[in-house]
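There are 2 protein chains.
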Amino acid sequence: MPATIYHVAKKAGVGIATVSRVLNNSANVRSSTRERVEAAMRALDYHPNPIAQRMAFGKTLTIGVITPFFTRPAFVERLRGIEASVAESEYDLIVYNVETSEKRDAYFRSVPTGQRVDGLIIISLPPTNADVERFLKSKVSTVLVDTSHSALNRIIIDDAAGGRMATQHLIQLGHRKIAYLSDPLNDPLVSPFRFTSSLYRYQGYRQALEEAGIPFRSEYHQAAEHSRYQARLLAHKLLSLPDPPTAIFAASDTQAMGALEAAHEDSLKVPEDISIIGFDDIEIATYLHLTTIRQPLYETGLRAVELLLFCLEHPGSRPQEIVLPLELVVRETTAPPK
Amino acid sequence: MPATIYHVAKKAGVGIATVSRVLNNSANVRSSTRERVEAAMRALDYHPNPIAQRMAFGKTLTIGVITPFFTRPAFVERLRGIEASVAESEYDLIVYNVETSEKRDAYFRSVPTGQRVDGLIIISLPPTNADVERFLKSKVSTVLVDTSHSALNRIIIDDAAGGRMATQHLIQLGHRKIAYLSDPLNDPLVSPFRFTSSLYRYQGYRQALEEAGIPFRSEYHQAAEHSRYQARLLAHKLLSLPDPPTAIFAASDTQAMGALEAAHEDSLKVPEDISIIGFDDIEIATYLHLTTIRQPLYETGLRAVELLLFCLEHPGSRPQEIVLPLELVVRETTAPPK
DNA sequence: GGTTATTATGGAAGCGCTTCCATTATAACA
DNA sequence: TGTTATAATGGAAGCGCTTCCATAATAACC
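Those protein sequences? They're chains B and H, same order as listed.
Residue numbering for the first sequence follows the working numbering, beginning at 1 and increasing consecutively.
Residue numbering for the second sequence follows the working numbering, beginning at 1 and increasing consecutively.
Since the hints were made in silico from the structure, they are not lab data.
Please note that a few of the clues may not be correct.
Copies of the same chain look alike in the list, so a pair counts if it works inside one copy or between any two.
Unchecked claim - Within a straight-line C-alpha distance of at most 30 Å, the following computed DSBU-like cross-link-like pairs (lysine-lysine) qualify:
#1 Lys177 with Lys269
#2 Lys237 with Lys177
#3 Lys10 with Lys139
#4 Lys177 with Lys103
#5 Lys269 with Lys137
#6 Lys59 with Lys103
#7 Lys103 with Lys137
#8 Lys139 with Lys103
#9 Lys237 with Lys269
#10 Lys338 with Lys237
#11 Lys59 with Lys10
#12 Lys137 with Lys11
#13 Lys137 with Lys10
#14 Lys11 with Lys139
#15 Lys59 with Lys139
#16 Lys338 with Lys177
#17 Lys269 with Lys338
#18 Lys177 with Lys59
All of these numbers come straight from a predicted model, not from anything done at the bench.
Build the full structure now, drawing on both the sequences and the hints.
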């Protein structure tokens with residue numbers, strides 16, 4: 001049986017209230033008694049029972065994260081940041097992994113009302129208005145990451161600007177035949193998760209083309225389920241077009257990897273024969289010398305926790321939007337067309 | 001304010017004990033009153049407070065996982081299995097990510113005594129005897145995954161057998177010049193995490209060579225920090241040996257990927273010029289057509305939770321060892337030597 | 001040194017549940 | 001129908017803490 005506050009109080013010859021005071025180092029404890037209590041704690045190897053503390057505080061001291069596919073590099077990287085930041089705090093972290101939209105809906109319903117978390121971070125999963133209403137009605141603070149809603153806190157990037165940035169880079173290199181390779185653009189049938197980033201990146205792509213006076217060619221936009229394998233197939237399709245593009249903007253580094261492979265298989269040299277740019281700057285991008293748009297994934301996690309902890313301490317504060325910067329990282333997969 | 005058991009009791013016109021009975025569906029509740037209580041719960045949108053339940057039960061209803069680098073595919077895949085299995089249960093899951101040996105030691109000390117988990121899963125991090133003693137003294141049940149100690153439950157694979165299996169496959173194809181590419185073999189200075197699998201796989205490799213009467217050549221064993229990049233460098237080194245190997249057994253699929261790249265860079269065809277076999281069968285191995293030794297990573301996670309839940313229900317049961325099967329998966333990166 | 005302001009301390013209630021124990025309602029039996 | 005066995009129910013204690021409130025000890029002041 002672990003020692004309780006009563007054992008400590010008895011050993012130190014004080015009341016339990018005093019022990020509690022040194023635990024929460026509140027004022028008005030004579031330093032001599034504080035030391036006596038601390039000695040007793042050490043002697044008994046006392047650790048306060050977190051459950052009892054939560055019970056008395058009326059808080060769970062726990063933060064939940066709802067994230068899709070924690071196998072994908074970008075999600076895992078954000079999670080790393082979140083975990084690191086939560087570990088520094090007094091909070092525990094519970095991870096809810098979502099692999100189906102049913103699971104998402106179940107968590108969206110049960111987690112806020114379940115009284116098991118004080119705060120919630122949601123990654124990349126846009127809540128509906130009904131969801132948001134429920135979040136607000138429950139007392140849990142919420143921070144969205146990589147998705148947005150005006151009534152909730154959110155850490156985002158400007159995906160449209162990123163798409164524009166990537167496309168402009170290719171245009172500046174002299175490309176005019178630029179393809180966009182992505183996952184399906186927000187078709188709720190094919191994409192039950194309603195991910196939005198590929199759509200906004202697409203809009204940035206379109207905008208950059210328009211600004212440069214380059215007409216959009218629909219055959220240059222190919223989309224399929226998000227995976228390296230599907231991306232490879234799409235890239236093959238693009239490269240075997242009668243008038244193939246000279247550059248491919250992939251909506252994620254994972255998809256850019258598929259494109260790189262397709263190019264190799266078609267005996268095209270990158271970047272001499274075909275330029276390829278990705279998005280995210282996941283770990284492996286450095287290694288592949290992939291030109292990409294860097295978003296600060298790890299830092300996003302840190303910032304999300306920081307904002308959430310702030311909200312926990314200042315309930316009722318207005319929802320904030322934090323937009324993190326993007327950066328073009330030029331490596332070795334983009335060059336002027338021949 | 002969320003409704004409490006008192007509100008439900010009052011609304012249903014019963015005592016709180018009765019409400020508690022229907023919550024924990026214990027016997028001896030007349031079905032008519034049960035229905036009345038359930039109706040009241042629904043009307044009040046009542047959800048029992050998990051903290052209070054834990055307090056009363058004297059259990060945390062929480063499982064912890066201590067895992068290194070949850071970015072690496074093999075760890076993430078095991079975690080997925082763990083998360084899926086815990087989500088089915090009444091338990092919450094807390095993830096402790098370890099990126100330094102100090103962090104590991106801190107968690108090994110604090111988690112079992114912190115009264116915040118009932119059970120603990122530890123992935124790939126061998127505890128010292130002192131650690132184990134502390135685990136046993138605390139009341140938390142422990143399950144090791146991918147690491148072993150005779151006093152603790154463990155889900156493992158036979159790494160030596162796996163190493164032998166991989167090497168025998170190459171021998172059977174006719175190879176005699178077989179290299180082993182790994183991370184450092186358990187040198188505590190270079191490898192503060194004391195990972196053991198590469199060492200045992202090495203022993204299996206040595207044994208297979210010996211059984212086939214092939215002398216071991218020390219220049220055929222190259223080791224460096226676990227990464228695709230380092231593995232690529234090591235492979236280059238092997239391939240530029242005066243008498244280079246005709247086959248490389250990489251201690252993990254990640255390292256095998258590095259070897260594949262080195263081969264391509266040296267204009268060697270795989271498997272015609274050089275055979276490469278990996279270990280783990282992570283997701284991407286299928287995609288790369290990599291021959292490998294498959295270990296059931298996801299299932300390992302499921303089994304770990306299953307065993308842990310069993311221990312939680314049967315405290316004092318003797319530590320079990322579960323050895324999961326390995327399987328040679330022949331794809332397209334191994335072939336007879338020229 | 002006596003009085004009042006201030007600081008230190010202990011007792012007890014309360015957080016929302018489970019469960020033991022005593023009590024009351026129902027069923028079984030003669 | 002009267003009696004005992006059994007099922008159903010409510011009250012209250014207790015889980016380990018925090019914190020309010022009252023009291024005791026010390027400091028400050030004239």
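Here is what the structure says about each hint:
{"no.": "1", "hint": "Lys177 with Lys269", "result": "within (17 Å within a copy, 33 Å between copies)"}
{"no.": "2", "hint": "Lys237 with Lys177", "result": "within (15 Å within a copy, 41 Å between copies)"}
{"no.": "3", "hint": "Lys10 with Lys139", "result": "between (38 Å within a copy, 24 Å between copies)"}
{"no.": "4", "hint": "Lys177 with Lys103", "result": "neither (41 Å within a copy, 51 Å between copies)"}
{"no.": "5", "hint": "Lys269 with Lys137", "result": "neither (56 Å within a copy, 62 Å between copies)"}
{"no.": "6", "hint": "Lys59 with Lys103", "result": "both (26 Å within a copy, 27 Å between copies)"}
{"no.": "7", "hint": "Lys103 with Lys137", "result": "within (21 Å within a copy, 38 Å between copies)"}
{"no.": "8", "hint": "Lys139 with Lys103", "result": "within (22 Å within a copy, 33 Å between copies)"}
{"no.": "9", "hint": "Lys237 with Lys269", "result": "both (17 Å within a copy, 26 Å between copies)"}
{"no.": "10", "hint": "Lys338 with Lys237", "result": "within (21 Å within a copy, 35 Å between copies)"}
{"no.": "11", "hint": "Lys59 with Lys10", "result": "both (28 Å within a copy, 25 Å between copies)"}
{"no.": "12", "hint": "Lys137 with Lys11", "result": "between (46 Å within a copy, 22 Å between copies)"}
{"no.": "13", "hint": "Lys137 with Lys10", "result": "between (44 Å within a copy, 24 Å between copies)"}
{"no.": "14", "hint": "Lys11 with Lys139", "result": "between (40 Å within a copy, 24 Å between copies)"}
{"no.": "15", "hint": "Lys59 with Lys139", "result": "both (11 Å within a copy, 25 Å between copies)"}
{"no.": "16", "hint": "Lys338 with Lys177", "result": "within (12 Å within a copy, 44 Å between copies)"}
{"no.": "17", "hint": "Lys269 with Lys338", "result": "both (11 Å within a copy, 29 Å between copies)"}
{"no.": "18", "hint": "Lys177 with Lys59", "result": "neither (57 Å within a copy, 63 Å between copies)"}
Taken one by one, the earlier hints fail for this structure at numbers 4, 5 and 18, listed in ascending order.
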